[in-house]
Every structure is written in C-alpha cells, then in structure tokens.
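As a plain string of letters, each chain reads:
Number of protein chains: 2
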Amino acid sequence: MWLRTSLILTLFLTLGACMKEETQKPEYTLVIHGGAGTITRDKLTPEKEAEIRGELNAALAAGEAILKDGGTALDAITAAIQVMENSPNFNAGRGAVFTAEGKNELDSSIMDGRTLDAGAVSGVKNIKNPILLARAVMEKSPHVMMMGTGAEKFAATQGIETADDAYFHTDYRWGQYEDAKTKKNGPLLDHDGKAEEEAPKGAMNDDPLNGDYKFGTVGAVALDKQGSLAAGTSTGGMTYKMHGRVGDSPIIGAGTYANNKSCAVSATGHGEFFIRATVARNVCALMEYSGKSLQQAADRIVMQELVEMGGDGGIIAVDKDGNYAMPFNTAGMFRGHVTSLEAAKVGIYKD
Amino acid sequence: MWLRTSLILTLFLTLGACMKEETQKPEYTLVIHGGAGTITRDKLTPEKEAEIRGELNAALAAGEAILKDGGTALDAITAAIQVMENSPNFNAGRGAVFTAEGKNELDSSIMDGRTLDAGAVSGVKNIKNPILLARAVMEKSPHVMMMGTGAEKFAATQGIETADDAYFHTDYRWGQYEDAKTKKNGPLLDHDGKAEEEAPKGAMNDDPLNGDYKFGTVGAVALDKQGSLAAGTSTGGMTYKMHGRVGDSPIIGAGTYANNKSCAVSATGHGEFFIRATVARNVCALMEYSGKSLQQAADRIVMQELVEMGGDGGIIAVDKDGNYAMPFNTAGMFRGHVTSLEAAKVGIYKD
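Protein chains in written order, with my numbering: chain V, 1 to 351; chain W, 1 to 351.
You may find that some hints are simply not true.
[As the list claims (entries may be wrong)] With a straight-line cut-off of 35 Å between C-alpha atoms, the simulated DSBU-like cross-links for lysine-lysine are:
{"hint": "1", "chain 1": "W", "residue 1": "K153", "chain 2": "V", "residue 2": "K103"}
{"hint": "2", "chain 1": "W", "residue 1": "K153", "chain 2": "W", "residue 2": "K181"}
{"hint": "3", "chain 1": "W", "residue 1": "K25", "chain 2": "W", "residue 2": "K68"}
{"hint": "4", "chain 1": "W", "residue 1": "K261", "chain 2": "V", "residue 2": "K261"}
{"hint": "5", "chain 1": "W", "residue 1": "K292", "chain 2": "V", "residue 2": "K320"}
{"hint": "6", "chain 1": "V", "residue 1": "K153", "chain 2": "W", "residue 2": "K181"}
{"hint": "7", "chain 1": "V", "residue 1": "K153", "chain 2": "W", "residue 2": "K128"}
{"hint": "8", "chain 1": "V", "residue 1": "K103", "chain 2": "W", "residue 2": "K125"}
{"hint": "9", "chain 1": "W", "residue 1": "K153", "chain 2": "V", "residue 2": "K125"}
{"hint": "10", "chain 1": "V", "residue 1": "K25", "chain 2": "V", "residue 2": "K345"}
{"hint": "11", "chain 1": "V", "residue 1": "K350", "chain 2": "V", "residue 2": "K225"}
{"hint": "12", "chain 1": "W", "residue 1": "K320", "chain 2": "V", "residue 2": "K292"}
{"hint": "13", "chain 1": "V", "residue 1": "K125", "chain 2": "W", "residue 2": "K181"}
{"hint": "14", "chain 1": "V", "residue 1": "K128", "chain 2": "V", "residue 2": "K68"}
{"hint": "15", "chain 1": "V", "residue 1": "K140", "chain 2": "W", "residue 2": "K103"}
{"hint": "16", "chain 1": "V", "residue 1": "K140", "chain 2": "W", "residue 2": "K125"}
{"hint": "17", "chain 1": "W", "residue 1": "K350", "chain 2": "V", "residue 2": "K261"}
{"hint": "18", "chain 1": "W", "residue 1": "K103", "chain 2": "V", "residue 2": "K103"}
{"hint": "19", "chain 1": "W", "residue 1": "K48", "chain 2": "W", "residue 2": "K181"}
{"hint": "20", "chain 1": "V", "residue 1": "K292", "chain 2": "W", "residue 2": "K292"}
{"hint": "21", "chain 1": "W", "residue 1": "K140", "chain 2": "V", "residue 2": "K181"}
{"hint": "22", "chain 1": "W", "residue 1": "K128", "chain 2": "V", "residue 2": "K140"}
{"hint": "23", "chain 1": "V", "residue 1": "K125", "chain 2": "W", "residue 2": "K125"}
{"hint": "24", "chain 1": "V", "residue 1": "K153", "chain 2": "W", "residue 2": "K140"}
{"hint": "25", "chain 1": "V", "residue 1": "K345", "chain 2": "V", "residue 2": "K48"}
{"hint": "26", "chain 1": "V", "residue 1": "K261", "chain 2": "V", "residue 2": "K225"}
{"hint": "27", "chain 1": "W", "residue 1": "K292", "chain 2": "V", "residue 2": "K261"}
{"hint": "28", "chain 1": "V", "residue 1": "K181", "chain 2": "W", "residue 2": "K128"}
{"hint": "29", "chain 1": "W", "residue 1": "K48", "chain 2": "W", "residue 2": "K68"}
Simulated from the structure, these hints should not be mistaken for lab results.
When you get a sec, could you build the whole thing from the sequences and use the hints?
Rendered as structure tokens:
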C-alpha cells in the first residue's frame with residue numbers, strides 16, 4: 001500500500017517536473033558580453049554607465065529582432081556584435097586598443113553549431129567589422145582561419161568594408177597606449193612568462209572600460225527558433241600587446257565554440273589562459289561527455305579551473321534548450337541577455 | 001559451492017589482470033608522425049621508402065635517448081621534431097610546401113602537459129626549426145601564440161636560427177607548387193567553402209611525400225619517466241594555400257594538446273576539419289570526462305567524427321599510463337613509436 005502510494009506520488013512529481021521543464025523552454029535566447037575586468041561602481045560615471053547600458057541594449061535589440069522573426073542564431077550574433085564593434089566603448093572594432101607598435105590589430109571568430117562551420121581572422125588592420133570578415137572566411141573561403149595581410153587581401157576580394165586609422169583612433173585608448181609605453185621596460189616585455197606580472201602598472205589596471213589592461217572583447221551566443229546555436233567573438237586584444245600576439249578570441253575552441261549537440265560559448269579574459277584551458281570547447285565537452293548542466297560546466301571552468309590557473313575573465317554561454325550562463329571571476333563583466341520568455345536585461349557588476 | 005568456486009576464480013583472474021596491467025606499464029613512450037595521406041606501396045620507390053624509414057628511426061632515437069636518461073617529454077618531442085624539420089622529405093621546416101605566393105609559411109605549436117603551458121607560431125618565414133620558436137614563445141614570452149612578422153621579430157630577440165629561402169627550396173616541392181599554379185583557377189581558389197573540392201587535380205593527389213596536396217605535417221607526443229606528457233606539431237601547411245591561411249597545427253586544442261590528466265595528441269590532416277572538430281582537445285576530453293580508453297577516444301574522433309565530416313588525416317596520441325594510439329583514416333601515415341618495453345618501430349601503410 002505504502003509502496004503503491006509512493007510510486008503514484010513519484011509519477012505525479014515526475015510528470016509535474018516534465019511539464020514545468022516544457023513550459024520553461026524559450027523559443028530563442030541571445031546573450032552578449034562587452035568585456036570583463038575590474039569594473040566597479042566607483043569607476044564609472046553615471047553618464048558613461050548609462051551610455052554603455054544603452055549600447056548593450058541596442059546590441060540585444062538588433063539580435064533579438066532577427067531571432068523573433070525566425071532568423072538564424074548566426075545572423076543574430078553577427079548583428080549584435082556589429083553594434084558593439086561600432087561603439088568606441090568596447091575593445092573591438094572602432095574601440096580597439098593599440099599594440100606596442102601603436103597599431104590596432106583585430107581578431108575575430110564565428111562558429112555555426114549546425115554544421116560546425118567556423119571562420120576566424122587574426123591580426124587584421126583597418127577592417128571596420130572583423131566579425132563580418134570572420135564570417136566571410138567561413139562562408140566564402142576554403143579555409144577556417146586567416147591572418148594578417150593575407151586575410152586583408154581576402155577581405156578586399158569580398159568587398160569587406162575598411163576604415164582608416166583615424167576611425168580606430170580614440171583619445172581614450174591612445175591614452176592607455178601612452179600610459180603603457182612609459183612603462184615599456186616594465187614587466188609586460190620581460191618575457192618572463194609570468195602573465196600575472198605583465199600588467200603595465202598604474203591607471204590602466206583600474207580602467208573600467210578597458211576591463212583591465214589585458215581584457216576587453218565583445219561576443220554573442222544565441223539559440224534560434226530552429227534549435228540551432230551560434231557563437232561569435234571580436235576583440236582588439238591586449239593594450240600594448242606585442243606585435244603579432246594572437247589571443248583566444250580568434251581561436252575556435254578557446255574564445256569561441258558552438259555545437260548543436262551541447263552549447264555555444266564566447267569568452268572574454270586573459271587570452272593566454274583561455275587558450276591553454278581550451279575554455280569554450282571545454283565547457284561544451286563537460287556538457288556533452290559528463291552530463292553536466294550548462295551552469296555547472298561554465299562555473300567549473302570559469303570559477304574553478306581558470307581561477308586555479310590565475311586566468312581572469314568570464315564567458316557567456318547558451319545551450320540547446322535555451323538555458324544561459326554568464327559566469328565571470330572578475331569584479332564585473334559588461335553583459336546582457338534576452339529570451340522569448342524574458343525581457344532584455346543588461347548587467348555590469350556582480351550584483 | 002559453485003558460487004564460491006567462481007568467486008575465487010574471478011578473484012584470481014582479476015589479480016592476474018591487475019599484475020599483467022602493472023608489468024605492462026612502460027616507463028616512457030614516444031610516438032611520432034611525418035604526415036598522413038594517400039601513401040601506398042606503389043607510390044614509393046624502395047630507395048625513398050628506406051630513406052624515410054631511416055629518418056623516422058633517427059627522430060625516434062633522438063627522442064628516446066632523452067627519455068631513457070630521465071629527460072622530459074618536452075625535450076624528447078622537441079628533439080624528435082627537429083630531426084624531421086631538418087629533412088627535406090617532410091612538409092615542415094626544410095621540406096615545407098609553397099603557398100599560392102610561392103613562399104614558405106611555417107606553423108608550429110607545443111604544449112607541456114604538466115602545467116598546460118603552451119606556445120605556438122603561425123605564418124613565420126625563414127625560421128629553420130619552427131618548433132624551437134614555438135617553445136621560445138611558451139618559455140620566454142608572456143604570450144601563447146604569435147604570428148607572422150611579429151613572431152619573426154620575437155625570434156630575433158631570442159637568437160632563434162634562421163635560414164634563407166634557398167634552404168627551404170626543394171625542386172620537389174616547387175614542382176608541386178608549379179603543378180598547383182597551372183590550376184590556379186581551379187577549385188582551390190573558388191572559395192566555395194567545399195573543402196573536399198579544393199584539390200588541385202592531378203599528380204599532387206597521388207603524391208605520397210606530400211601526403212595529399214593538403215597534408216604533410218610532423219609531430220611527436222611523449223610520456224616521460226616522471227609521468228609527464230608533452231605534444232608538439234610543425235608544418236608547412238597546404239601546398240598553394242592562400243597567403244595567411246592558418247591550419248590546425250599551431251592551434252592549441254586542434255593540432256596539438258597535452259594534459260597530464262588525460263593524454264597528449266599531435267594531429268596531421270586537412271586542418272580546416274581538425275580545427276572545427278577541436279581534434280586534439282576532443283580526444284583528451286573523451287578520456288577525461290567519459291572514461292574512454294585512449295584507443296577508443298582516438299578512434300571515435302579520427303575514424304568516426306572526422307570521417308563523417310569528410311576530414312582526412314590521423315593523429316598520434318599517448319596517455320598518462322604510456323598507452324599509445326596512431327589511428328588514421330587515409331591510406332597511410334608516416335609514423336613511429338618506441339617505449340621502455342618495445343623496440344622502436346616505424347610504419348607507413350595500413351598494414
């Protein structure tokens with residue numbers, strides 16, 4: 001008698017859980033980030049904070065409009081990333097930081113979870129929207145990754161829009177460059193391999209918009225109504241990075257990964273650590289192979305493994321059921337999300 | 001009675017198995033590859049085959065000498081790869097193929113399974129041993145990956161040996177370049193994204209030393225007496241590749257990965273597919289997260305996933321217990337292995 005009762009009870013509870021699960025599954029989900037770092041309230045003026053929140057909302061709106069109309073996750077993340085690349089406030093596209101040689105070298109990558117098709121570019125100059133070039137490499141070239149002048153020549157054959165140095169010059173980033181330059185004999189160029197000691201000391205480490213001297217990246221991940229995932233990332237890299245340095249943003253499996261079997265991830269942080277930890281692939285592998293939830297997998301990599309290694313940063317991730325995660329082990333991360341069930345919401349600080 | 005007998009029998013069998021396992025665990029293991037492709041007996045003269053087998057044995061000997069003396073897996077794979085980079089018979093270092101612009105652009109990467117430290121270079125010219133530059137990036141720079149002229153400038157600060165164009169010019173590879181050039185309006189430059197249709201048709205596809213026009217790579221993985229793993233890869237990339245194309249060889253997680261928790265992998269094949277499948281990391285993730293054996297994980301990625309995607313090639317892998325795997329889905333793969341328990345053995349064909 002007791003057994004039958006408890007069996008029936010269990011049956012109802014299970015059914016209830018299933019129905020709850022069903023009704024909670026969103027038709028589409030879009031998550032974006034604009035970089036992670038030492039971002040705290042005392043470091044952003046109310047005006048600047050409002051400006052950034054407005055741009056994050058504009059990026060979400062651009063992507064959601066496509067998803068709502070039944071467009072692809074690939075188109076949605078491309079649109080959202082373009083909005084952030086066009087803002088001088090994020091370290092990507094127009095707002096890119098300067099290398100040790102005073103240039104802007106841009107990295108970007110994109111991946112389609114339906115086919116595992118991917119495209120990436122690294123060290124490209126004067127490309128207005130690197131995410132569009134990464135997508136062109138994926139869709140129009142026989143290759144997955146192209147670098148430097150070779151990638152720029154390919155861009156020309158594809159009619160990718162360019163912009164002159166002046167477009168990428170913001171006094172703000174140049175100030176950061178000058179700040180680093182005065183410390184050029186400092187740890188950053190010591191080549192001692194101790195990443196944590198590379199920071200040009202001083203103001204830049206407290207710089208909320210740079211999201212730490214070494215961070216600042218934009219990215220987006222999405223699930224569309226067809227159940228497909230996509231991820232994309234774009235960055236100007238590290239302020240005063242050595243000419244030729246490639247971070248995690250253009251590396252498929254490190255800064256960007258999407259697979260309809262598991263999830264889509266875009267990362268922002270100290271790229272060297274993110275490459276070594278194969279962050280984006282690793283989060284999806286934990287879901288795919290050990291049955292962890294998206295939140296469990298994302299937290300394990302960002303809040304445990306990266307913290308143990310000393311890798312500062314965060315990720316945005318969405319899984320095939322529309323669940324999303326946005327863990328970061330820094331003071332803040334510019335971020336936002338919207339689903340068919342939740343209104344757009346942007347965040348900057350931990351709380 | 002029957003139960004007790006069978007229990008005792010099981011106990012003995014288990015003990016036997018354990019002891020067998022124990023005695024079979026090698027003190028060190030070294031596995032190398034020199035590229036995969038359509039390599040069949042009818043395409044190699046006895047002289048050329050003997051020459052290549054000799055060089056593979058020399059690479060194994062150089063690495064084993066270090067492992068036998070208690071040296072690190074990192075030093076062993078570096079030594080083995082240098083031997084193959086110095087041979088004109090493999091598409092790496094001296095024997096590198098030519099890009100569409102008639103240049104040699106070299107890619108290489110290395111990873112230390114103890115610390116997950118890694119170094120990689122892509123698109124570097126006139127570097128005699130790219131594996132040494134990748135290692136210098138890992139040990140002497142604050143970065144993990146460097147490309148092009150920036151990487152070359154860094155090489156100069158580190159006293160990395162360079163070589164002039166003549167050193168890299170082999171009539172053999174130049175012939176392949178000319179062959180591809182005559183087909184420059186062919187599929188390779190169609191940018192139709194259909195990788196399988198890019199092959200410059202003709203002799204190159206039957207070219208055993210090129211291991212298919214798009215292959216040819218050298219790599220090594222090892223376990224040392226301290227129980228540490230390391231992996232390294234070096235290549236000239238695809239014959240007639242577009243200037244700026246980056247393959248899987250310099251991508252940590254795609255062409256190279258090492259982690260003492262699981263395994264060390266070096267890949268050779270059609271790089272675009274290997275990047276999209278995050279091959280090296282994926283094999284180790286399958287071991288680490290779903291408890292597959294090295295052979296099971298390697299076979300699943302190379303003989304199933306890559307075959308379904310249309311990605312030709314193979315990998316060499318060694319796990320933390322010294323087990324090794326060398327699956328390839330092509331006609332042949334230049335390869336060799338040696339352990340503290342097995343004499344050096346090299347192979348070329350399937351049988």
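Here is what the structure says about each hint:
Restraint check: the Cα-Cα separation between K153 of chain W and K103 of chain V comes to about 16 Å, which is no more than 35 Å; the hinted pair holds. The hinted pair formed by K153 of chain W and K181 of chain W meets the criterion: a straight-line CA distance of about 31 Å does not exceed 35 Å. For the proposed pair K25 of chain W and K68 of chain W, the alpha carbon gap of about 15 Å is at most 35 Å, so the pair holds. For the given pair, K261 of chain W sits about 25 Å from K261 of chain V by alpha-carbon distance, which is consistent with the 35 Å threshold.
The suggested pairing of K292 of chain W with K320 of chain V holds, with an alpha-carbon distance near 25 Å, which does not exceed 35 Å. Restraint check for K153 of chain V and K181 of chain W: satisfied, since their Cα atoms lie roughly 18 Å apart, inside the 35 Å limit. A distance of roughly 27 Å separates the Cα atoms of K153 of chain V and K128 of chain W; the hinted pair therefore holds under the 35 Å criterion. In summary, the hint linking K103 of chain V to K125 of chain W is supported, as the alpha carbons are separated by about 22 Å, within the 35 Å threshold.
Between K153 of chain W and K125 of chain V the alpha-carbon distance is near 19 Å, which keeps this suggested pair within the 35 Å criterion. Taking the CA atoms of K25 of chain V and K345 of chain V, the gap is about 18 Å. The hint holds against a cut of 35 Å. The straight-line distance between the Cα atoms of K350 of chain V and K225 of chain V is roughly 30 Å, inside the 35 Å bound, and the hint therefore holds. Distance restraint check for K320 of chain W and K292 of chain V: the Cα-Cα separation of roughly 25 Å lies within the 35 Å cut-off, and the hinted pair is therefore satisfied.
For the proposed pair K125 of chain V and K181 of chain W, the alpha carbon gap of about 28 Å is at most 35 Å, so the pair holds. With a CA separation close to 27 Å, the supplied pair K128 of chain V and K68 of chain V stays within the 35 Å bound. Proposed proximity of K140 of chain V and K103 of chain W is supported: the alpha carbons are some 23 Å apart, at most 35 Å. Restraint check for K140 of chain V and K125 of chain W: the C-alpha separation of about 26 Å stays at or below 35 Å, so the hint holds.
The hinted pair formed by K350 of chain W and K261 of chain V meets the criterion: a straight-line CA distance of about 32 Å does not exceed 35 Å. With a C-alpha separation of about 26 Å, the suggested pairing of K103 of chain W with K103 of chain V holds against the 35 Å cut-off. Straight-line distance between C-alpha atoms of K48 of chain W and K181 of chain W comes to about 26 Å, which keeps the hinted pair within the 35 Å bound. Proximity of K292 of chain V to K292 of chain W is assessed by CA-CA distance (about 17 Å); at most 35 Å being required, the pair is judged to hold.
A distance of roughly 20 Å separates the Cα atoms of K140 of chain W and K181 of chain V; the hinted pair therefore holds under the 35 Å criterion. For the given pair, K128 of chain W sits about 33 Å from K140 of chain V by alpha-carbon distance, which is consistent with the 35 Å threshold. Taking the CA atoms of K125 of chain V and K125 of chain W, the gap is near 20 Å; set against the 35 Å cutoff, the hint holds. Distance check on the hinted pair: K153 of chain V and K140 of chain W sit about 32 Å apart at the alpha-carbon level, within 35 Å; holds.
With a CA separation close to 18 Å, the supplied pair K345 of chain V and K48 of chain V stays within the 35 Å bound. Annotation: proposed proximity of K261 of chain V to K225 of chain V holds, straight-line Cα distance about 16 Å (limit 35 Å). Between K292 of chain W and K261 of chain V the alpha-carbon distance is near 19 Å, which keeps this suggested pair within the 35 Å criterion. About 32 Å separates the Cα atoms of K181 of chain V and K128 of chain W, which keeps this hinted pair within 35 Å; it holds.
Among the hinted pairs, K48 of chain W with K68 of chain W is consistent with the structure: their alpha-carbon atoms are about 30 Å apart, no more than 35 Å.
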